[in-house]
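Work from the hints to combine the two standalone chains into their complex.
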Amino acid sequence: MASKVVYSHRDPMLKKRDDFEDMLEERRTTSDLRYALKCYTPALYKGLTPCKSSELKNMVLQSDQLLYVINQLSKETGTSTDEIEAEASAILEEMAHRLQLSTVRFFAFALSKVFKTVFRSICVNEEGIQRLQQAIQEHPVVLLPSHRSYMDFLLMSYILYTYDLALPVIAAGMDFMGMKVVGEMLRMSGAFFIRRSFGGDKLYWAVFSEYVKIMLKNGYAPVEFFLEGTRSRTAKSLTPKLGLLNIVLDPFLKGEVFDVNLVPVSISYERILEETLYARELLGVPKPKESTSGLFKARKILSEDYGSIHVYFGQPVSARSLAEGRVNRSQFNLIPRHIPRKPAEEIQDFVNDSAYRLVRAQEENMVLKPWVLLASLLLQNQAAGSKQGMQLEELTDQAVWLRDLSRQFGAFLHWPDNIPPSKVVSCSLSLHQSLVRISEGRVQLTLEQAGGRADPGLPLPAVTPEEELLNRAVIVLSCASYRNQALHVFIRPALLASAVHAASVNRKQEIFNTFSFLRNMFSDEFILRPGAEVQDFEEACYLLVKSGALQINQQQVLVTDRGHRTLAFLTSILDPFVQGYQMVCRFLCEEAAEGLTEKLFVPAVRKFITKHLLSGRLKYAEVLSSDLQKNALAALLRLGAVQRLRGRGEQGALKVNTVMVNSLEDTLGGKLPTQKPVAARL
Amino acid sequence: MASNSSGDSSSRHQTARHRLSVIAGHLQRPADSNAAVLAVECKAQGTTPNIRTGVRSEGRTVPRRRQEIMKWNGWGYSDSRFLFNKKGQAEFTGKRYRLSGMIIPGLKDWLESTFGASLQHKAPATPILNSSAVQPPTVNEAFVEELRSTGVPFSHEAEDRVFRSHGHCLHEIFALREGKIGRIPDMVVWPNCHNDVVKIVELACKHNVCLIPYGGGTSVSSALECPPEETRSIVSLDTSQMNRILWIDEKNLTARVESGIVGQDLERLLNESGYCTGHEPDSMEFSSLGGWVATRASGMKKNIYGNIEDLVVHIKTVTPRGVIEKSCQGPRMSTGPDIHHFIMGSEGTLGVVTEVTIKIRPMPEYQKYGSVVFPNFEQGVACLREVAKQRCAPASIRLMDNEQFKFGHALKPQVSSIFTSFLDGLKKFYITKFKGFDPNHLCVATLLFEGDREKVLQHEKQVYDIAAKFGGLAAGEDNGQRGYIMTFVIAYLRDLGMDYYVIGESFETSVPWDRVLDICRNVKARIVRECKDKGVQFPPLSTCRVTQTYDAGACVYFYFAFNYRGLSDPVHVYEQVEHAAREEVLANGGSLSHHHGVGKLRKEWMRETVSTVGMGMLQSVKDYVDPNNIFGNRNLL
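Residue numbers (the working numbering), protein chains in the order written: chain D, 776 to 1457; chain W, 205 to 841.
Take the hints with a grain of salt, since some may be wrong.
[To be verified] DSSO-like cross-link-like pairs, simulated, lysine-lysine; straight-line CA separation at most 30 Å:
| id | chain 1 | residue 1 | chain 2 | residue 2 |
| --- | --- | --- | --- | --- |
| 1 | W | 804 | D | 1029 |
| 2 | W | 403 | W | 455 |
| 3 | D | 832 | W | 736 |
| 4 | D | 821 | W | 610 |
| 5 | D | 821 | W | 530 |
| 6 | D | 992 | W | 530 |
None of these hints come from the bench; they were simulated from the model.
Same shape as in the complex, but just chain W (with noise of 0.2 Å):
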């Protein structure tokens, strides 16, 4: 789709409105955004100085009460669900997503046959939560009548504070789908500013209370989860009414953005000036600049626009000692390790970071998928190689196994026309009979190129010659576009499997390019094997792709799923077998994440990972800067 709208147009506009077709992450007719994106009324509540320039801050996505429009118990908006409908046939509802009301005829058989699941047997969720599941509030009154005074709007709410409650570990959200409801936060405030933040920093330390920062929720590391330890009351502070931009500064391509916006609003609004910053983590629709930040992520496009460490310009972050920021905007400097790195991945256990100003660029004029079939996972991570040797890398690149190239076929929806069907044929017969390829080991890179037209084409050949090099046969745009749809309904899909007994969860890591093949092989036939002996009855899926190339190395993402059915204790199993493959990971040369963070989660591999001199260092600094643990999510450390 990209292509064919920018064709004869380069004006400004055009752009822009193409532009946002693609980013928002499908969202269906982005132009009449009102039909789907919920207005919420700008707060600045009283004193706030206002420094805003002409950004306009409404048409933000994320209201107060987030359970209004999204899950409580499962991924994303309420309305966006994959079902089986009377017929049996799987089915996208809602009118968000390119794939929302297709149908997609594959799924089900794929549901069927990779994981012996069966429409017959459901394990529906919980519809409703239960309040009186949950544990009444410890309320520190003292904090409470202060909090008053400054008009910080906050709640003591069971629905608000279940939903700041977890992230969306498999774990955390099973027991959501069961009704069950630990330790969750005591009372949630929605400080609109800066100077909210400060006030509320300030009275927590007066008043001991613990406070989480909440930015969007989309945790996969147990960040969010509360210590069941903690006796004090718990607080969790939502960012996400500090959404505004600002200002945008043409001069330098950077722009001041709250912390609290999340990646769809930021990017939809810095388009309607032309700009972007390009960061797009898959889970940008929900996540926030703040957690970006807070857990150095990594968008898609980083190739070209850079990780969240390259884009960050400034960043201004409350903690119990005080503020803490840099003095000057500089692009580089020379001062000492960089105290933006003790913010970056702080995850945060220091405090809450407030507004930031990111890098921004001019919105491309020019986007084009693209796809290359390789013969087997070998040619394929090969061929990646040589393009970052090269340093050709597109704006994305990623190469998926064969197993998650099926995966990816059997979420084709429904094709209207006999031709269309038919030339999918002759393209299966080319590649598998024509061209030999196994279809059982051959897979697929997708690409996405990005900049102006002619620069793209040109880059384009650079990246399919390389290919042709090591056997890899240019599959067209449908196919690369439809793998990164999958990105963006894969945690939706995660929903359904769990309503027909089946599990699952992706991780990530980073490894040398020496490592990949090794890496791949071992981890996947790892949860292969820790399945078979933890007596899951079903072969799982264990699947995996190399997202990201850098010079050194590469970003390889699993996935893994099983059909619990016959598992007294599912949720502990797989935790096991999620445990034995990132001890696999490590063990295989791979950090211990790549953009996912630690949390809690994978806390217990911290000192291995840096050392107990640099656990040392680190500990010092959150003894410093947090002496009495108000930051209290006990994170990382």
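Pulled out of the complex, with its shape left as it was, chain D reads as follows (with noise of 0.2 Å):
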């Protein structure tokens, strides 16, 4: 099993995907307690050689790689080995997990106490469990989630626990440490703690890798970790990161175990606990320290209704039949393996490559649920301009057509057809009521206060302009969220039908060059694998051809009349991306003062792009999330448009090339033809 190379297939619609039973049931029905103390024996790796974690803790301590780095340090700083190792140790205690089946039956116990009453149900496709069961037993196994919310982890050992399937390893940002009791109680269900930043510290680096690999190699437990790397504020995948994921390959690269499967794994909640939250956080608003204190605050998030929640185990993905072909592993034949070293640059983009594979793997398996298409609708609507909303039925209309577009697209919606739609819709929306509200038959956001009930999450009611702003951003912001869920099916048809629309002729290359344009530009904001141009196009081509929006010969690109709408729909999706970095631009070219810092640049940003949104000038509110605005200066500082300069303190200050940011943003906005691009043609 798992030798099938991840994704790329021609046609989506012809995914076979399993389906889903709901695991809450059984707690509905059983009691708790006796689930919490049941009889656990999980099956385990076939070559495993069952260890304490204390024993684990001795063996990273006598690992050879340990053993050089803190030689090559002691010799560089001229301490002894002695103080070195316990330095060593003492970064393991603060890093190790001490998992106990005690503390994990107690989590089991409360958590379907409270899972109980937040979500309708949980729904697990139990065929991927029986894949990820055989898995462990074959090959060292790595479990990467998607990563939306804190309760991801928690989630995944709780469904691991009441699948009998042994419990994994995660790894966690040292942040949870913050919250004393809980922090203990994670570490005893299996997490181990990572600082966030460790940048220059080789012997930090030498611990963790080695506490990682020796788990993975031995076969110990299931390692998990997050290739986003952080929880996506924004419901859209982040890009991937690769150290852990450098990690967990290496073992395989060297020939230390014949094979690692990695399982992506895909978590989609109907409504996220941290909904407003986040879009405080990328208004500026700043998160909330983690803290014991804090969750408990949390505890009113009990009394809401979280819809469910859908887990999606995909399949295994074989480390070795990622490499066949890209990597050739004898090159660590000529080195003793123990001595670290920095990837070549061929492995790296194998990483690289592999880690995007790996997040489109996620993407693909998360379900949507018919909000997703309600709010990608509603949020076109409103920044149409249209102040009463919509009607419910022409919502729905939409909403079927949409439904019928992203299946086509390959989308895993979860639209109950026995349903009929309109009842589809109005539940839906009644789940969310927060963000949307129904009045004589119309729909709308709830962007004014009026009769909406308090959020818990949005401030008093707004004073000033600027405030009335930030509160309807709150909203906007939520929904785009929902949206973004979706954005994944559509990101490479919507690229290409913005280029045909920007696109003066309708010459395929011509067509080709600006669909690059835009995907490079935007490489930063959506998961789009390095060097896929011309796979990218020719998947949009193919999906949009098939739905007949478009016709497309050796030559050239021709829109049908009835490709008309979705097209429209298409480009507006992208179009408050499209503005925004305009946006971004503009800002920089016009107003980026000399001492520009990254630090300043989001608020700084975040003034300039209020004030055009007061004015009426920019009309996509969702343009004030921080997150956008620091994916486009990346994607500037990508390209060398803007460059940092080195010194001065920590911060470098951000030098621009007004000319280059200036055609940038001319090209974005269709007034220049895009340059030829720099590599493929089609």
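In structure tokens, the structure reads:
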């Protein structure tokens, strides 16, 4: 098993997905206590030599790699090896998990109670569980869940415990350690803690990587971490972080294990617990520091309905099949494997590419609820300037149209077909009362406070226009986070639609050039695998031809009559981002002062955008999202239009290449034709 | 068997007799050897100057017409083979080996349970060579005419030519069993001495004939396969009649030997004078001295005697450019890159090795087998590593994995007395129950000690003490000896497997110590996965052993075999799996070959193995020595 190379299917419609079972159903009918105390005997890795977590620590401290680094450091700094060893031991102490079944049982009990109150159902694909069970026995397993909520890793362990699977050890950010009791409890349920940044600390890196590798190699437990590194505040997948993936692929690349099974897990929440919290954070209201008391305050969450959760355990991806034909493993033949080395470019590219493939595999199995489509439609309607919202029937009609379109694009849409669409729509709306309301048969976002009940996350009623704008933006960003869940379905066709829209002629090559430009521009914003322009273009063409929106021959791309609606929708979906990036460009050209630093960038650009929004020159409140602004800056840095100046303290100043930024802005706005793409031709 | 006879007497004669019984690869009753070994008339035709000393040259194993005593489409002697008798029990025929005439009760079950094979499903070989399937020879008349005038014997007969058209790769034997015959040599010549070879090579150059040297024919690298694109007349140069020991120099402990002598003859003849070379590759019954030199062979007892490159003092080789040899027999020289190393491993691409001066040693006084059981393979490897570190490896030390241990067990002949089987049961109980070894994990190391009695016993204790540190338990001489018997009969066993839809092969590599466990695990797993992916219906046998230890690494030997029922092109599947396994070896830091050589089978990896510049160096040697590609077997490069 697990030999299938992840993703890359020609026709997404043909993708076979498993059915779900609601695991809360049984919890509602049988005793939670008995469940928490059940006999737990998971199937383990075939080569496993069981050991306690204390033995594990010893293995790490005795490992060749760590001893090598300690000796090196001792030579470099003159500190005695004993001292450095003690330091390593302390790091390990701070990091290591102390998995205890009793704590897990406690969580199993407590979480059962919580989950049953908060969620309607937790649906899991049991075939995926079976595949995982198989995979765990064959090779070391790495679990890679998507990360949208704090809930994610508790939920994962909860599910694995329920299905009698080996409990994972989980890489968690050090910030959890701030919560004294909870931190320790998480540790005892399998979490190990890593510092957020330890850039040059060789010792820390050695201890950390060796700890993870030893657990993985010995099949001690599945290793779980979040490819995205942190929770996505926007519900879009984040550009994957490569550190841990590098570590878990290393034993395979160096031949220390035959293979590693990477299991992407897609967790989709119908309603995210942190909904407005995220929106506020993106708008610059800082996130509350994780603390135990904060967690208790969150208990009012318990009184609300958060719908259902879908957890999809994807097809295990074999590291070996990913590397097949891509990596020459004999490059490790000439230097002892325990001597740490910076990975060769070939390896870095491979890990990066694998990370993207895995994130896309997560995306593909994300369950989309009808509300995601409704949010997309409502946002577009709102941005089009409609003050009264949409007629319910019209919304339903459009939703049905969009349902069919997204299915053609391969979305994993959970739209109950046995229920009339109007019912589906009204049910979805009622779950999201905090964001949307129906009055006089019209549906609109709760942008004005009138009539809407005070949302727990919202500040006091607004007094100034700025505050009012901020309040509106909270709602818009919350809605956008639902629309964003579907972006991975639409992004490639949307890039093509925008390219067709922008192109003056319908020559295919020209459109491809524009497509590549946009794709390149937005590659920090969306998950677009580096180097896959042509593949993405072809996929987009294929989907739009199949859905009847385009006709494409050797030379030309033609929009069909019925294609206009599809293209308009797709263009609008990308439009907030296009305009947002333009705004950032304009800001940098017009207002970027000499000493602008990265730290000052977000507040300054936010001010600039607020001004434009208030004056009515910009219609998308979601451009206020710091995520978008940072991504735009990252893109400009990547393209060389902005440069980081070194020196002068920690915060490097930004140097703007005005001409280049200007021309990028104009190209985005369609005022300038796309220049010749750097690399690919069709 | 080693210790029993030499206990009380150390007289030279005794030892020699005893020694005979050991090396001749378990030839039965070596003392009255006439029954098994064919005497060949001493030939020395015409003008060869006779420089021989007193060593007699009768009693040679290999006749010109090899097919008279050997199988044309399988391994070894015609009279020795495994078969299932009427009762369905496995039996080994003939009288040559210790196993000959014995019943092997466990083999049937093992074959059935390991491969899912069944005695009902037979895949018999074509019994007789159909000469009409053989292409008529491409004869270079002018060459033949001139050759005839030299008096060197030759043949155009189909049987002779087919016999020399192959080694023992699976695909070669499989094709023969099916009666399929491709490009084969057009003629066979049997030079008698160095000068004959000089004449043949001169004529070949003159008439542009392709020469392929042929020694023992035990190649497993497709080295003997005739390149199908070769349009010239191909002449197989069979060295088997150049099989004399020319002299023995007791002062320097060297012997000058013609290159065609096969291992068992060399040892037997030297033993008669109280000496041995100690070079014992698993193929030593049939492989030749010249072949060892041309492939950089390695012997099981290299820990005492060294590999072929350590044994050779002087080499004489006939090339199209002339004869290459050194001017003296100094034990070591600093005279630029060693020209011997162009010849060793040249795989017949540069010329024919005709005479070799090889080191000899007095025969060991005492020999003792032994074995150690380890709870698992990891412990076993750790022990071998420690033994290598302390540089106290016995003459031979091999570590078999669990599958091979079971395989070895299946080859146990029927025991005669109830007492022995009772003892066996007791041993098994002790190891698995009392010591808690898991029968599905335990593995066994087989040992062979040689030297004077005192030292052997001391050495033995040292090794067993190290083993004990790694959880190893001494498991007796029998187990050890059986392990070595297996290496001689395994090739016969393949023929039996092929009778029942099981095909298999072995391959080897060398690897640094820190990689040994990883490479064993990964290559075995790769074989299993590839078989599954390629549609093999039954799980394959995928097993390995560590067969040699060095200071910086070890030699690892893999066996793999599978039941090919249900596959339309089993050989192709087999080749794909073997290819994947080799890729895995290389990816895990293993070498392309430890001692089998490259031939044509592994040529595609040569460039990455020795680098482009390295290839260029080898190529320029070839271009200089043999510009017209007279030695056109196209191996290596």
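The hints, checked one at a time:
1. For the hint pairing residue 804 (chain W) with residue 1029 (chain D), the CA-to-CA distance comes to about 29 Å; that is within 30 Å, so the pair holds.
2. For the suggested pair residue 403 (chain W) and residue 455 (chain W), the alpha carbons sit about 34 Å apart, so the restraint of at most 30 Å is broken.
3. Among the hinted pairs, residue 832 (chain D) with residue 736 (chain W) is inconsistent with the structure: their alpha-carbon atoms are about 38 Å apart, more than 30 Å.
4. Taking the CA atoms of residue 821 (chain D) and residue 610 (chain W), the gap is near 20 Å; set against the 30 Å cutoff, the hint holds.
5. Proposed proximity of residue 821 (chain D) and residue 530 (chain W) is contradicted: the alpha carbons are some 57 Å apart, above 30 Å.
6. Between residue 992 (chain D) and residue 530 (chain W) the CA atoms are separated by roughly 53 Å; this puts the pair beyond 30 Å, and the hint is violated.
Checked against the numbered hints given earlier, the structure breaks hints 2, 3, 5 and 6 and satisfies all the rest.
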